[in-house]
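Engineer: Knowing the structure of chain A, use the given hints to seat chain B on it.
Protein chains in written order, with this note's numbering: chain A, 1 to 333; chain B, 1 to 315.
There may be inaccurate statements among the hints.
[What the hints assert, rightly or not] With a straight-line Cα cutoff of 20 Å, these simulated SDA-like cross-link-like pairs (lysine to any residue) come out:
(1) K148(B) <-> V188(B)
(2) K62(B) <-> M57(A)
(3) K106(B) <-> N54(A)
(4) K199(B) <-> S47(A)
(5) K257(B) <-> F237(B)
(6) K106(B) <-> Y152(A)
(7) K106(B) <-> T169(A)
In case anyone wonders, no lab produced these hints; they're calculated from the structure.
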Amino acid sequence: MTAISSKEDPQPHSVRLADMLRSWLKIRELNVLSVLLLVGILISIFSPYFLTTNNLMGVFRSFSLIAIMSIGMMLVIITGGIDLSVGSVMGLSSLVTALAFQHGAGPILAVIAGLSIGLAVGCFNGFLITWIQLPPFIATLGTLSIGRGLMYMITKGVPVTPDVPDSFTFLGQGYIGFVPFPVVIMIFMTICFSVLMRQTRFGRHVYATGGNELAARLSGVRTSRVKFIVYALSGLIASIAGIVSFSRFVSAEPASGFGAELDVIAAAAIGGASLSGGAGSVEGAIIGAALAGIITNGVVLLNIDTYAQQAITGCVILIAVSIDIWRVRRKGR
Amino acid sequence: MDKNIRLALGIGFAAVALSLGVSAHAKDAKDISVAVIPKVAVPFFDDCNKGAQTSADKLGVKYQWVVPQNTQGSTQVQIIEDLISKHVDGIAISVNEPKSVESVMKRAAQSGIKVLTYDSDSPKSGRSMYIGTNNEAAGVTMAETMGKALDGTGEVAIVTGQLGAVNLNERIAGIKKGLAKYPGIKIVETQGTDDDLAKGVSVVETTLRAHPQLKGIFGVSQVGGPAVSKVLNTKEFGAMKGKLEVLAFDDLPDTLKALRDGSIQGIMVQRPVTMGSLAVDHLVAQIQGTDTSPPKDIDTGVTVVTKDNVGTYTK
Chain A
1 MTAISSKEDP QPHSVRLADM LRSWLKIREL NVLSVLLLVG ILISIFSPYF LTTNNLMGVF
61 RSFSLIAIMS IGMMLVIITG GIDLSVGSVM GLSSLVTALA FQHGAGPILA VIAGLSIGLA
121 VGCFNGFLIT WIQLPPFIAT LGTLSIGRGL MYMITKGVPV TPDVPDSFTF LGQGYIGFVP
181 FPVVIMIFMT ICFSVLMRQT RFGRHVYATG GNELAARLSG VRTSRVKFIV YALSGLIASI
241 AGIVSFSRFV SAEPASGFGA ELDVIAAAAI GGASLSGGAG SVEGAIIGAA LAGIITNGVV
301 LLNIDTYAQQ AITGCVILIA VSIDIWRVRR KGR
Chain B
1 MDKNIRLALG IGFAAVALSL GVSAHAKDAK DISVAVIPKV AVPFFDDCNK GAQTSADKLG
61 VKYQWVVPQN TQGSTQVQII EDLISKHVDG IAISVNEPKS VESVMKRAAQ SGIKVLTYDS
121 DSPKSGRSMY IGTNNEAAGV TMAETMGKAL DGTGEVAIVT GQLGAVNLNE RIAGIKKGLA
181 KYPGIKIVET QGTDDDLAKG VSVVETTLRA HPQLKGIFGV SQVGGPAVSK VLNTKEFGAM
241 KGKLEVLAFD DLPDTLKALR DGSIQGIMVQ RPVTMGSLAV DHLVAQIQGT DTSPPKDIDT
301 GVTVVTKDNV GTYTK
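The shape of chain A in the complex, shown without the other chains:
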């Protein structure tokens, strides 16, 4: 009887390289990334203006807010929940920041005010979901309506347009080099949260809570605390988007952020989020937001009937997610 060797023979270099390539190709995000690149190539064939720096940076800036919010939404969806209130929170924090300026606050105080309202609503959502045990759909639907109502009550239907200092407008209108500042914020947050989700214990706990909450809790994961934190984060992130949005347009409209939650959820869904939890990635969400963003841009550049825009976006979303699901099932992952 020969002993089974416990050490593997070293593999030849070429096989290792092939394995590395194969594992790269297995990256789930590649599915949606390829759809994104395909649409991008299609648009650039028909319009010479698509691939210009100005246009691309403009497109990135326009979907950066949805992308930023989709980071928070992705975390929430991974835990098996949903946050319908993000559009509302974005608008509300826009409004609070505007009101702070209107009452003479400086930029730092106004930003803190905006962030606080986002954190407050996020914590309130977390409280409703982890303490009162309301289903996330209902809880965040409730906060969405409360938020909308508050906005109309406070603004009485009229946009708030205070004077703001240049140091503040830099947030939404400034550039670092040729990159618009909102895009910088988006990249920075993507990196931070990507690291958070992939390399930290907290990230692992988020995936565990979503994958199988009972098993996670029995394994010692404090699932209630994890869920509370993700909803608070979602609210805080939405308020970041609201502040940057206000900085860009210098006008807090009563209907600001209306409907944004659907765009954010779509971005997360394209990014591989499973609405039953446990799957998806931050990078995927950003790619999802990018896909929706370039379609909007492409419609204007290619002079496509703008009435067709929503229909086109819907079709592309369905195709992108179908390809993704098909690949996942084929690989048996």
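Structural biologist: Below, chain B without anything else, positioned relative to chain A:
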């Protein structure tokens, strides 16, 4: 790089630059592209599109009609940015939210694009001119019509669209100014509807129930006509038809029908087709440099349409 190649490239670049510089001065009509942006997809702007398209066809320029998906300022900002990337030569826009488009319109103007506003203005955006209804004057005309019809006394209500819309608020200001001549007329209610028909119907019903002695209604935006007509054709309020002096804005098919069946007594009809065609005319004139006089705002005015002239008015 080889000296000769560098020389050849240098001459090549200079030639291209020179030809670009020369061609930038006198643009051929078929190389000009203009884009017209409405507020949102409602029938009023279909008329603007018609007028603009006709003018564009007549002048032989490339024309693009870009409709925002909602009334938020950010949506129009994004559209203008995309158009700047596309290097259009002229943009005409009916502004949803005046402040949010200021910086992007200034940027468009700086990059050489001719910009003007129509129907709804953003006065501080650096646009060359505003073509549209002088809303305050239209409001005054409405007040005059109401004052004469009510013989100077009675309670009236104002039904408007978006509470924050600049053009609508100017009309209301004009109404109040015009009513100063008729101290016996009191405005008992001013309600917003976001130009949503369902909300409009509910607002009109509530107003009629709360003020049974109401004598007149000012429909300041396009939803007023259809909303009042729907309400006055129900059993509950059918008796009030003809007893209320209702003045509406914009000649939607439902509004015209209501005028003919007596629910509405007068419609202030703007001239959207004229706005559209003048917008394109002036953009192209500015692009080609043939607009010699400094651009001035144009008031396209309103027509007061009643049963008498409903078949013959133009816009």
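Engineer: Between K106(B) and Y152(A), does the CA-CA distance stay at or below 20 Å?
Structural biologist: violated (30 Å)
Engineer: Given the hinted pair K148(B) and V188(B), is their Cα-Cα distance within 20 Å?
Structural biologist: holds (19 Å)
Engineer: Below or equal to 20 Å on CA atoms is what counts here, so check K106(B) against N54(A).
Structural biologist: holds (16 Å)
Engineer: Is it true that the CA of K257(B) sits at most 20 Å from the CA of F237(B)?
Structural biologist: holds (18 Å)
Engineer: Sort out whether M57(A) lies within 20 Å of K62(B), counting only the CA atoms.
Structural biologist: violated (26 Å)
Engineer: Need the status of pair K199(B), S47(A): alpha-carbon distance at most 20 Å?
Structural biologist: Not OK: K199(B) and S47(A) at ~42 Å, beyond 20 Å, violated.
Engineer: Given the hint that K106(B) pairs with T169(A), test it: the Cα-Cα distance must not exceed 20 Å.
Structural biologist: With a Cα-Cα distance of about 16 Å, the restraint between K106(B) and T169(A) holds, given a limit of 20 Å.
The earlier numbered hints that this structure contradicts are 2, 4 and 6.
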